[in-house]
Each structure stands twice: as C-alpha cells, then as structure tokens.
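Asker: Protein chains in written order, with my numbering: chain F, 1 to 166; chain B, 167 to 453.
What the hints contain is simulated information worked out from the structure, not anything from laboratory work.
Misleading hints may appear alongside valid ones.
In silico lysine-lysine, DSS-like type, Cα no more than 25 Å apart, as pairs [as the list claims (entries may be wrong)]: (1) F/Lys57 <-> F/Lys155; (2) F/Lys57 <-> B/Lys227; (3) B/Lys307 <-> F/Lys57; (4) B/Lys353 <-> B/Lys227; (5) B/Lys227 <-> B/Lys307; (6) B/Lys355 <-> B/Lys435; (7) F/Lys3 <-> B/Lys208; (8) B/Lys208 <-> F/Lys57; (9) B/Lys227 <-> F/Lys7.
Stretch-level coverage of chain B by chain F, calculated; a stretch enters the list once three of its residues show a Cβ under 8 Å from a Cβ in chain F [to be verified]: (10) 213-221; (11) 259-272.
Idealized CB from N, CA, C, for every residue including glycine.
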Amino acid sequence: MAKSHVKMTVNGKAVEELVEPRTLLIHFLREQLDLTGPHIGCETSHCGACTVDLDGKSVKSCTIFAVQANGADIRTIEGMANPDGTLHALQEGFRQMHGLQCGFCTPGMITRAYRLLQENKNPSEEEIRFGIAGNLCRCTGYQNIVKAIQYATAKLNGVPFQEAAE
Amino acid sequence: MIPGAFIYHRPSSVREASGLLAQFGDDGRAIAGGHSLIPMMKLRLATPGHLVDLAGIADLKGVRADGNDIVIGAMTTQHELIGSDLLATKIPILRETSLQIADPQVRYVGTLGGNVANGDPGNDMPAVMLCLNATYHVTGKGGERRIPAREFYQGAYFTAIEAGDVLTAVRIPVPPAGHGSAYEKLKRKVGDYATAAAAVILAVSGGKVASCSIGLTNVAETPLWAEDAAKILTGSSLDAATVKRAVAAAEAITAPSSDARGPAAYRTKMAGVMLTRALVRAKANAR
Chain F
1 MAKSHVKMTV NGKAVEELVE PRTLLIHFLR EQLDLTGPHI GCETSHCGAC
51 TVDLDGKSVK SCTIFAVQAN GADIRTIEGM ANPDGTLHAL QEGFRQMHGL
101 QCGFCTPGMI TRAYRLLQEN KNPSEEEIRF GIAGNLCRCT GYQNIVKAIQ
151 YATAKLNGVP FQEAAE
Chain B
167 MIPGAFIYHR PSSVREASGL LAQFGDDGRA IAGGHSLIPM MKLRLATPGH
217 LVDLAGIADL KGVRADGNDI VIGAMTTQHE LIGSDLLATK IPILRETSLQ
267 IADPQVRYVG TLGGNVANGD PGNDMPAVML CLNATYHVTG KGGERRIPAR
317 EFYQGAYFTA IEAGDVLTAV RIPVPPAGHG SAYEKLKRKV GDYATAAAAV
367 ILAVSGGKVA SCSIGLTNVA ETPLWAEDAA KILTGSSLDA ATVKRAVAAA
417 EAITAPSSDA RGPAAYRTKM AGVMLTRALV RAKANAR
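Let the sequences and hints guide you as you build the complete structure.
Answerer: This is the structure we're talking about:
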C-alpha cells in the first residue's frame, strides 16, 4: 500500500514522515517518533491513556489516523515540561499530591488536564471530574488526581493551594 | 489493533467527495470524526478500501441562523455545539444532549453529521432530531435533496443515505420562544450509550401543553418519534393520569433488544421513566 507523506509539529519540532494510511496516530507517535509517553491502554477509545493535545483539542490518539493529523500541532507528555526543564505545574501537582500509583494513566491524565485548564482557568471539583471523564484510572479512585489538578490550578493562578477538608 | 489497509482521500469540496463515494460504491466510506468508524475498522467489522475524509471541506462547518431555522454544518463537532451561544439560546436541548455524548475527548472530534448519519440506534442525536423535526441536507449524484429526519432511519445502520451521498448539514426549525426541553438518558457509566433515553420539547400556555414532541433513543432498531404519546399530552396540564397514558403509548412503540444494558422489558420501562422525568423537567424550564 502506498505510503502518505505527512508533516506536523510535535512538541514544537517539525516532523516529516511517510506513513501507511491505516497507521493510527498512537502507533506513529510511539513507533516512528519514539514518543512512548502516550500509552496504549484499551485501544477502544475508552481509557484515554493515549490522549494527546492536537490543535487545541484533547484527542484519543488511538482513534485517529496519522494521515488525518497531517498539518497538526501536537503536544504529548514529552512536551509538557517548562522550557527550562522544570516540571509543569500539573506534573508537579501529580507528584506532590500523589496523583498516581502505577502511573499508566498519568500521561493521558496530565495531557487532558492541560487542555481543561487552558479552557477553564479555575474549574470547580465537579468541572474537573466532568472534564477528565474520558480518562480511566484503575488505581487511585481519582481523589488524588483531582487534588493534583487543583494544586496545578492554584499554582498557575498564583494562589496558595489549600486542600479541601475531607 | 490495526485496521485493514485502505487508500486515503481528502477532497476539498462536497462535489468531489460525492463523486469519490459514488465511484467506490460499497468499497468506499466517508469519515467525519471517525469515532464510530475507526473502532469498527480496528475490529475489522468495517473494511473499506477507500476512506473519504470530509475534514478538508470548509463548507461543512459552523452554526448559522437561516430565517426561522438553524442550519448546522455536518462536520460541526459536539464540542462546538456545546460552545455555541446561538444554540444555547435557541435550542438548548442540543447542548444538553451533546454534554451526555461519550466523553470530552470524543466530543472534540465527534460530529453532528456523523452522529445522525451513521444509523447507530445507540447514538443520541437522531432521536433529538426526530423530536425537533429536523431535515438533513444530502448531496448525491442528482444534486442536493432534503430528507426529513423522521423519514431517514430505516433500520440499525440502514438510512436513506445511498452510494455517493454526503450528508452536508442539519436544518432545525427553531422551537417557539419560551419552549421547555429536556434530554433524559439512563446509562451505566459516563460515556456509555443509553440503556434508554427520551427527548422532549414542549410549549406551555396557561398551564396547559400547547405543543409537544417526543423522541426515544436506543429502544428499537431506529430512533423513535413518539407521535401518539405527544398527542395524548397536548392540551393537558401534565396531570399524573394523562402522563401515565402517554408513557404507556410511548412504551408500546419500543422494541429494544436484550443485551448487556438489560433485558428488553426493563429497557422499555426505563424509556417510560426517562420520558416521565423529561416531561417534568421540560415543563419546569418552559416559560
């Protein structure tokens, strides 16, 4: 099958590759670009472990072909840290609030939460839970993930983080 | 899971897309958001040899008013429906329904056109379109034709779409100002298809139902327009006895399958429960 030529920007770098049309974006990122941060969890569009940011949208990269992303601007967990190499507020939040146990869902969670906070600078707990409804975690029960996102929200807004009373 | 091989096409006009789909016939599929089609392709339940991507056609995007109608481009995503101020004001049931479809990631990509054209009885928008008396704009070999949503659905995955057709837009007559609406959906978990769901649009005048329309999701091979139930309710004050009769009329037209979402009898009853709740809420938010 003839390959297609695709160009895109991934984590700020211009990328040019040949892909089979049936290549899913997640396979393209992991196998051709060696970006193994986005994970393959369910492969059925449910779990969100493969979430990447694509042209300002959170997208499940297992449910889009790489050719459909031709021309897109993509950010994965590998592109999340600050330019000086320090952790992004969300990464710091997941670390400080113990927002992970096995860590498998974390890249998708952080990438999704990044877009959520771009669209809503100060989400309520309910809005956070609704906003990450497309990302499954089988370890934490979500409590600390929500706290991690609240931590990042506070940091990005320059206000002290206060944990809600339980 | 790796889908079967295909040749990818990205036309820049509806005419070109329609021509490609006519040329490939059963071996070609249009892809909009792809969030129904790509999972099917991964499972090899769909193995098109040619995929015609509609994403490059600028005409298929956007929400606009046209006289007393609102016209929504087929490639408008659920996320864009949720963000539309025009829809929030004029037809709030679309925002409410969109928020109950799948999850955020899917809503960024999933389109209204794909949702209504696919013919999946589990999709939420078709019943809402029956309820709203929407019309679909379809471009095919002979040019554009307009198909009422109430005549579009023939069976599970069988619709009035023929080879070479592209559904380009959805036209919805704006319900009367002050109308009430609700979409009540029972689902097992976030992101699931409905066990049963009911869409209601109604207008209230002097405490009585002046007009009413009802759509039901995922309780038959096609979405259902519960015409008899709505007739029973029209003129009533939604008193308990009348609602009970209308719910019985709605339940009578359901024919759900028994599956992981429950046995058929349960799903029929849940359609009735969803309808009852939707009526209460629609009346409460009517002005």
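Asker: Take the hints in turn and mark each one as holding or not.
Answerer: Now the hints, each set against the structure:
no.	hint	result
1	F/Lys57 <-> F/Lys155	23 Å, holds
2	F/Lys57 <-> B/Lys227	16 Å, holds
3	B/Lys307 <-> F/Lys57	35 Å, violated
4	B/Lys353 <-> B/Lys227	30 Å, violated
5	B/Lys227 <-> B/Lys307	22 Å, holds
6	B/Lys355 <-> B/Lys435	19 Å, holds
7	F/Lys3 <-> B/Lys208	19 Å, holds
8	B/Lys208 <-> F/Lys57	23 Å, holds
9	B/Lys227 <-> F/Lys7	24 Å, holds
10	213-221	holds (count 3)
11	259-272	holds (count 5)
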